[in-house]
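Q: Each chain, written out:
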Amino acid sequence: MRHLMSPLDFSTEELDRLFDLANDIEANPGKYAKACEGKKLATCFYEPSTRTRLSFEAAMLNLGGSVIGFSDASASSAAKGESVSDTIRVISCFADICAMRHPKEGAPKVAADRSSIPVINAGDGGHQHPTQTLTDLLTIRSLKGRLDHFTIGLCGDLKFGRTVHSLINALSRYEGIRFIFISPRELMVPDYVTEMLNEKNIPYEEVIRLESIMPRLDMLYMTRVQKERFFNEEDYVRLKDFYILDKAKMQLASPDMLVLHPLPRVNEISVEVDDDPRAAYFKQVQYGVYVRMALILTLLDIHVG
Amino acid sequence: MLNVGKIEEGFVLDHIKAGKSLSIYHHLQLDKLDCTVAIIKNARSNKMGKKDILKVECDIDMLNLDVLAFIDHNITVNVIKDGAIVSKKELQLPKELKNIIRCKNPRCITSIEQELPHIFVLADEKKEIYRCKYCEEKCTETL
Chain Z
65 MRHLMSPLDF STEELDRLFD LANDIEANPG KYAKACEGKK LATCFYEPST RTRLSFEAAM
125 LNLGGSVIGF SDASASSAAK GESVSDTIRV ISCFADICAM RHPKEGAPKV AADRSSIPVI
185 NAGDGGHQHP TQTLTDLLTI RSLKGRLDHF TIGLCGDLKF GRTVHSLINA LSRYEGIRFI
245 FISPRELMVP DYVTEMLNEK NIPYEEVIRL ESIMPRLDML YMTRVQKERF FNEEDYVRLK
305 DFYILDKAKM QLASPDMLVL HPLPRVNEIS VEVDDDPRAA YFKQVQYGVY VRMALILTLL
365 DIHVG
Chain L
6 MLNVGKIEEG FVLDHIKAGK SLSIYHHLQL DKLDCTVAII KNARSNKMGK KDILKVECDI
66 DMLNLDVLAF IDHNITVNVI KDGAIVSKKE LQLPKELKNI IRCKNPRCIT SIEQELPHIF
126 VLADEKKEIY RCKYCEEKCT ETL
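First to last, the protein sequences are chains Z and L.
Residue 65 is where the first sequence starts when you use the working numbering, and the numbers rise one by one after that.
Residue 6 is where the second sequence starts when you use the working numbering, and the numbers rise one by one after that.
Careful, some of the hints might be misleading.
Stated by the list, open to error - Here are the simulated lysine-lysine pairs, DSSO-like style, with alpha carbons at most 30 Å apart:
1. Z:K223 with L:K60
2. L:K60 with L:K94
3. L:K103 with Z:K144
Unchecked claim - Chain L is faced by these chain Z residues, among others (derived, beta-carbon under 10 Å):
4. F134
5. K168
6. H191
Please keep in mind that the hints were generated in silico from the structure rather than gathered at the bench.
Don't be surprised by glycine CBs; every beta carbon is placed ideally from N, CA and C.
Start from the sequences and build out the full structure, keeping to the hints where you can.
A: As structure tokens, then:
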């Protein structure tokens with residue numbers, strides 16, 4: 065039995081098979097409509113995350129399965145002091161697979177150690193959010209046709225953003241990737257990330273301004289720059305507009321550059337960019353459902369002929 | 006110069022960094038063993054200048070080599086029988102440490118679930134980096 069705790073749990077060959085399956089689901093949704101009939105997904109969400117939870121639920125419902133669960137710790141036995149280990153042993157009696165989100169890092173790992181059903185980490189604090197990374201990779205592979213040999217810009221809060229660290233780790237396994245990190249000094253990628261890239265001889269650049277590097281990007285991954293991350297108001301006011309993607313900045317980009325964003329966005333991508341064919345962030349949400357469908361089938365070892 | 010007699014049966018931990026012997030005594034829980042222990046501090050050493058030595062008269066199986074390796078895998082472990090060195094044990098960094106160090110990450114699940122064991126796994130042997138099994142936070146603690 066397998067679980068998914070980190071995007072690196074799967075080899076690149078296994079990821080290829082997962083993404084092939086997701087693409088087949090995208091092309092032939094009817095073929096998979098009853099694949100999980102009689103199976104139940106438990107969504108154990110100890111903190112609210114409507115989008116991730118609904119994406120998992122939509123994935124299971126699309127496969128003909130059903131969904132049980134809770135979306136807030138106060139509505140679960142955790143409020144009475146039950147441990148994660150006990151909860152998963154109980155949930156294992158009710159469901160066939162579990163997606164768990166928890167504010168504490170490593171909680172899904174504790175569950176996986178005690179579980180008799182596959183556990184998917186649906187986000188554990190600032191640690192991992194593997195299905196977001198799988199979503200990002202599937203989106204890139206589906207829209208670009210490959211996961212190697214491109215230049216990707218990552219923009220915004222690169223210090224605290226777990227989706228960014230996770231994506232860098234996942235992409236560093238493919239050949240010919242060049243990273244360009246665009247962020248204010250306060251929010252640059254942590255040392256352990258750049259150390260890893262140095263060790264693997266993967267090229268990267270760190271820049272402050274977005275405009276100058278726009279023409280060189282095959283892909284731009286945007287994240288939100290939160291005001292509370294800055295040391296002072298003055299810096300925030302000075303820098304915030306550098307990291308807002310608008311029509312003018314998009315004019316500097318190549319005609320086939322993709323714009324990705326893990327969402328929710330606040331104002332870091334102007335709504336005027338939404339209609340640009342290069343804006344892929346809403347397609348990304350759709351790929352999130354496909355990749356979760358493929359993941360559920362893979363972890364339940366269900367094969368559709 | 007101080008002379009400490011040789012032991013008949015047991016082990017001698019040699020090449021301990023000067024000043025570390027009491028910490029090792031504590032972490033190996035030698036205080037709980039009913040046997041003779043000699044703690045030699047600041048002994049002269051050609052290799053190290055100064056070193057500590059621990060001589061313990063007990064069965065080698067009573068020694069937790071994992072803890073010792075985590076503290077310093079360069080320590081030499083001499084096994085003594087009939088007053089002579091019969092073998093030298095090589096210490097290797099343990100793959101896993103259970104309840105020897107505690108995860109200090111306040112965001113880790115171990116911070117709220119008291120009954121969970123604190124497990125660290127060897128993530129990088131070359132750099133001697135251990136990470137919490139659950140939150141993957143790097144261990145910065147030394148014993």
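Q: So, for every hint listed, does it hold in this structure?
A: Now for the hints, and whether the structure bears them out:
Restraint check for K223 of chain Z and K60 of chain L: the C-alpha separation of about 49 Å exceeds 30 Å, so the hint is violated. For the suggested pair K60 of chain L and K94 of chain L, the alpha carbons sit about 15 Å apart, so the restraint of at most 30 Å is met. Restraint check: the Cα-Cα separation between K103 of chain L and K144 of chain Z comes to about 28 Å, which is no more than 30 Å; the hinted pair holds. Interface hint status for F134 of chain Z: violated, as the beta-carbon distance to the closest one in chain L is roughly 18 Å, over 10 Å.
Here the hint on K168 of chain Z is kept, as its CB sits about 4 Å from the closest CB of chain L, short of 10 Å. Taking 10 Å as the C-beta contact cut-off toward chain L, the hint placing H191 of chain Z at the interface holds, the least distance being around 6 Å.
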